[in-house]
Amino acid sequence: MSNDKPAASKPKSRTASKPEAASSLLYTGSDWNFDTLGRIFDAVRRVGEVELGLDTYRTQIEVITSEQMLDAYSSVGMPLFYKHWSFGKDFARNQMMYNKGYQGLAYEIVINSDPCICYIMEENSATMQTLVLAHAAMGHNHFFKNNYVFRQWTDASGIADYLSFAKAYIAKCEERYGIEAVERLVDAAHALQSHGIHRYPGKRSMDLATEERREQERRAHGEALFNDLWRTVPKAKGKVPASKKKLEEDRRKAILKLPEENILYFLEKTAPRLAGWQREILRIIRLIAQYFYPQRQTKMMNEGCATWTHHRIMTRLHEQGQISDGAYLEFLHSHTSVVMQPDFNDRRYSGINPYALGFAMMQDIERISLTPTDEDRAWFPDIAGNGNPYGTLRDVWANFRDESVISQYLSPHLIRKMGLFQIVDDHDEDEMLVSAIHDERGYREVRRALARQYDVARRDPDIQVVDVDLAGDRRLELRHNVVDGVTLEEKDADKVLQHLADLWGYEVRLIEADDETTYAEHKAEPMRPFA
Amino acid sequence: MHIIDRRRDPGGKSLANRQRFIRRARALVRRAVREASAKRSIKDIEKGGDIVVPADGVHEPVLRRGSQGGKREYVLPGNKKYVQGDTIARPDEDGGGSGAGADGEGEDDFRFALSDDEFLDLFLEDLELPDLAKRQVLGVEETKPVRAGYRSSGPPATLSVVRTMRNSMLRRTALGRPRPEEIAALEAGIARLDDEGGHDEEVAKLREELDRKQRRMRLVPFIDPIDVRYRRYDQIPKPVARAVMFCLMDVSGSMDEHMKDLAKRFYSLLYLFLKRRYKRVDVVFIRHTHEAKEVDEETFFHSRESGGTVVSTALEEMARIVHDRYPATQWNIYAAQASDGDNLPMDNANTINLLKAAILPLCQYYAYLEVGHGREDKAGEASSLWRAYELVAGSEERLAMRKVSHRRDIYPVFRDLFAREGAKAEA
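Chains F and H supply the protein sequences, listed in that same order.
Its first residue numbered 378, the first sequence is counted upward by one per residue in our numbering.
Its first residue numbered 622, the second sequence is counted upward by one per residue in our numbering.
No lab work stands behind these hints: they were computed from the structure.
Keep in mind that this is a model prediction, so the values were computed, not measured.
Misleading hints may appear alongside valid ones.
[What the hints assert, rightly or not] Calculated lysine-lysine pairs in the BS3-like style (CA-CA distance at most 27 angstroms, straight line):
id, chain 1, residue 1, chain 2, residue 2
1, F, Lys-900, H, Lys-634
2, H, Lys-765, F, Lys-477
3, F, Lys-676, H, Lys-664
4, F, Lys-634, F, Lys-622
5, F, Lys-477, H, Lys-692
6, F, Lys-794, H, Lys-668
7, H, Lys-668, F, Lys-549
8, F, Lys-477, H, Lys-634
9, F, Lys-460, F, Lys-634
10, F, Lys-868, H, Lys-692
11, F, Lys-460, H, Lys-664
12, F, Lys-872, H, Lys-692
13, H, Lys-634, F, Lys-544
14, F, Lys-794, H, Lys-702
15, F, Lys-477, H, Lys-702
[What the hints assert, rightly or not] Now the in silico label distances, taken between C-beta atoms and shown as ranges:
id, chain 1, residue 1, chain 2, residue 2, range
16, F, Arg-905, H, Arg-711, 53 to 63 angstroms
17, F, Arg-793, H, His-680, 23 to 33 angstroms
18, F, Thr-442, H, Gly-669, 17 to 27 angstroms
19, H, Ala-769, F, Glu-557, 25 to 35 angstroms
20, F, Glu-557, H, Pro-675, 49 to 59 angstroms
21, H, Gly-706, F, Asp-751, 39 to 49 angstroms
22, H, Ile-709, F, Thr-442, 26 to 36 angstroms
23, F, Asp-846, H, Gly-699, 27 to 37 angstroms
24, F, Thr-587, H, His-680, 12 to 22 angstroms
25, F, Thr-587, H, Arg-629, 44 to 54 angstroms
26, F, Arg-553, H, Ile-709, 21 to 31 angstroms
27, H, Ile-709, F, Gly-478, 51 to 61 angstroms
From the three backbone atoms N, C-alpha and C, an ideal C-beta is built for every residue, glycine too.
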């Protein structure tokens, strides 16, 4: 780092006049060692915890080489993962991209676990390590610990153990039943992974005490409402009894708790021909998919939180004279390239950059809280000018996900700044329509549309198991509830259905329909059933 | 907070997954390797490199929404000129267009790099080599143990008694360990004086002397661990020599691309085989029609000549080159000839004579490969060259000949050679 040199030599020449300037710098130059790392972490944490009020898991920093980073990439970032060829495929691709210089590596990987594990690369300069620690060990870590979707769905302290169990279990199955058999099962499960997620937390079964209390409350309620007059009201003529067939169908569905959108869960519990170990593997893959579900829901916010945090921490460290001007410039260079958002007609455009949008939103919320305009006061009466930006942000980070934070906090100011506009592409029309832009009439529509775009439940096609007659032909019926006439990718759907039929062991049928139209029907017979 | 240095952890965590991927895509990768190896020079056959396989074969299907049809909405950044109600022409359907291709799996091909070993392994597998032969081709460099002095530790079997005893004697002498005879003499002296009686003073002196010597004997052991020596062996690679490989090929019009491809595979395999056994392998390409010429590899495989077919010219050329550049005393000479079996009938006698008298005595191994399409293999219809060589092959074990019409037939040509190598190793 040539531009660090003058800063590095400065303290030396000024020792006589200003000794404390030399000692307050955390590091000079780009080199670091474990002591420096420890000092940097302490400084970063002081800003994060004292000034910003962040609340984090304990941190475990692991220094790795670029080769190990490449390895980590290919197992979804997790330190240990079961073996499967698809990870090898990712690895082969990443390795080639990296070796040819098409793609750099991430500076860090952070894992939602307790303690929170941050992998940092040995090649990073001291400034980059500071940035990375502020970003991952403070920003992401706080988000993981406090955001409600993570709290609801993931068990940070248990994940490492669970993964090691999963890895050992699958390896044991491979030993006992053959690699090929296990691999085929994992293939099938991976194909259905996106539909192996519970989107709503299930009802917890109650303990006896609660059960009793509820019973008493019910009775008390009944007694409070008791009125003898009701007895005298003439009874309505009995409803026409539903046909026997309908009744049976309802009963059948009720027993199997249909419809069910978690296909892997349904297979694990109900598939007639699977062996115990096969159910367990389906469960493993389903639970891991569930673990990653919050990350998909909060990608933009999570990055926004981490990016805003590292920006604030780095700026504070610079203000306090703990990092040099050169280092700060190095940081800014890297920061601005991370939050760059190319325009839609730019060649580099590939969707909205979650770092850019997230960072801009966090900054915007801070601005609204400190120096709101009249417009902001009208749109966000609850937070405008409350003078507590950090508290507001912490609240946002804890209680929202991408979709809800956009529909709640995307301000007209930011819509204008980013020049957001909405396009509707209707297949029946010849041309696409610009339906809303960043103006008074469009703000709400743009905001609603962008929020929908971030709604994971809307992005994934809504497919449910609707019926099966276990006592009859056992044909599994699924239904894709088509939205806006967008059907499934046909080739893929047929392949996945084939996997599903093999897992189920009998015929499978998927109907794509909305309330008016039936768009398509896919069928598959088991070709090489499991079991 | 604590910091863990993971840099020393064993790497290659993803290796197992990578191997699984290659195994999974084996058929596809093999085809890709076959195509790549056809394009390469013989000498580059061992190098790894980029491989492209169709993405369809390693695709992981998921249930996802299609990219066509229906009503879609996008929110895009960076508007400059549009106002509400404007219409925009749809971008090219396959271009992915505005925002649609965000998660697209648009690539048709999956490209990745194979390492040298992986490439070679797949190349050999494609030739359907049996495992034993594969090991021989890929075999690590052979070494033999050579005595290289002594060392102070080692397995008991390598204990050097002579050297150990020599050290022991040196030490015993240097430290003045009393010899058993001295002690025996002293004891005898004491006994004698005791018997005579009256020499108490002398006896006491002798006893003291005996005590001292016995103590010394205990202190200075006969064999001390520091005396022990073991024979030391160094593993040095077996002496490797130089080899030259002559590729002879008929390039007259009757040799088509398929035949040339088979020939090239054969040459490649032979080259690999030699490469493992010799430090240095030269390759000489001689092509012939009715006259023979030494050419470079590119010309050898890719340019066409017209003319008749006179095999003896190639043998003459080879003999000349051997004489000029590769004296048989310094080089191991291997020759591989590929032909479709045509030869000018009156040349056959000449060819056999040359082969018997000049070529075979020089060669370690001479392989004749008759390439064809496998259609014309009717009994008794051997080509003229084949019939001619058959006369020689009966008496000469260095000549191996095979008809080859598919790449899986190539390996058996080597079998004789491997069999012989194996026998030699056992002898």
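Hints, one by one, checked against the model:
1. Lys-900(F) with Lys-634(H): 40 angstroms, violated
2. Lys-765(H) with Lys-477(F): With a Cα-Cα distance of about 41 angstroms, the restraint between Lys-765(H) and Lys-477(F) is violated, given a limit of 27 angstroms.
3. Lys-676(F) with Lys-664(H): 50 angstroms, violated
4. Lys-634(F) with Lys-622(F): Given pair Lys-634(F), Lys-622(F) holds - Cα atoms ~18 angstroms apart, limit 27 angstroms.
5. Lys-477(F) with Lys-692(H): 40 angstroms, violated
6. Lys-794(F) with Lys-668(H): 53 angstroms, violated
7. Lys-668(H) with Lys-549(F): With a Cα-Cα distance of about 36 angstroms, the restraint between Lys-668(H) and Lys-549(F) is violated, given a limit of 27 angstroms.
8. Lys-477(F) with Lys-634(H): 21 angstroms, holds
9. Lys-460(F) with Lys-634(F): Roughly 33 angstroms separates the two Cα atoms, so the pair is violated.
10. Lys-868(F) with Lys-692(H): 21 angstroms, holds
11. Lys-460(F) with Lys-664(H): Violated, because 36 angstroms separates the two Cα atoms, which is more than 27 angstroms.
12. Lys-872(F) with Lys-692(H): 25 angstroms, holds
13. Lys-634(H) with Lys-544(F): Between Lys-634(H) and Lys-544(F) the Cα gap is close to 13 angstroms, so the pair holds against 27 angstroms.
14. Lys-794(F) with Lys-702(H): Holds, at about 14 angstroms.
15. Lys-477(F) with Lys-702(H): 39 angstroms, violated
16. Arg-905(F) with Arg-711(H): 53 to 63 angstroms: 42 angstroms, violated
17. Arg-793(F) with His-680(H): 23 to 33 angstroms: 42 angstroms, violated
18. Thr-442(F) with Gly-669(H): 17 to 27 angstroms: Because 22 angstroms falls inside the window, the suggested range holds.
19. Ala-769(H) with Glu-557(F): 25 to 35 angstroms: Taking Cβ atoms as reference, Ala-769(H) and Glu-557(F) lie about 49 angstroms apart, which means the hint is violated.
20. Glu-557(F) with Pro-675(H): 49 to 59 angstroms: For Glu-557(F) and Pro-675(H) the Cβ distance comes to about 22 angstroms; the hint is violated.
21. Gly-706(H) with Asp-751(F): 39 to 49 angstroms: 28 angstroms, violated
22. Ile-709(H) with Thr-442(F): 26 to 36 angstroms: 48 angstroms, violated
23. Asp-846(F) with Gly-699(H): 27 to 37 angstroms: 54 angstroms, violated
24. Thr-587(F) with His-680(H): 12 to 22 angstroms: 49 angstroms, violated
25. Thr-587(F) with Arg-629(H): 44 to 54 angstroms: 53 angstroms, holds
26. Arg-553(F) with Ile-709(H): 21 to 31 angstroms: 59 angstroms, violated
27. Ile-709(H) with Gly-478(F): 51 to 61 angstroms: 36 angstroms, violated
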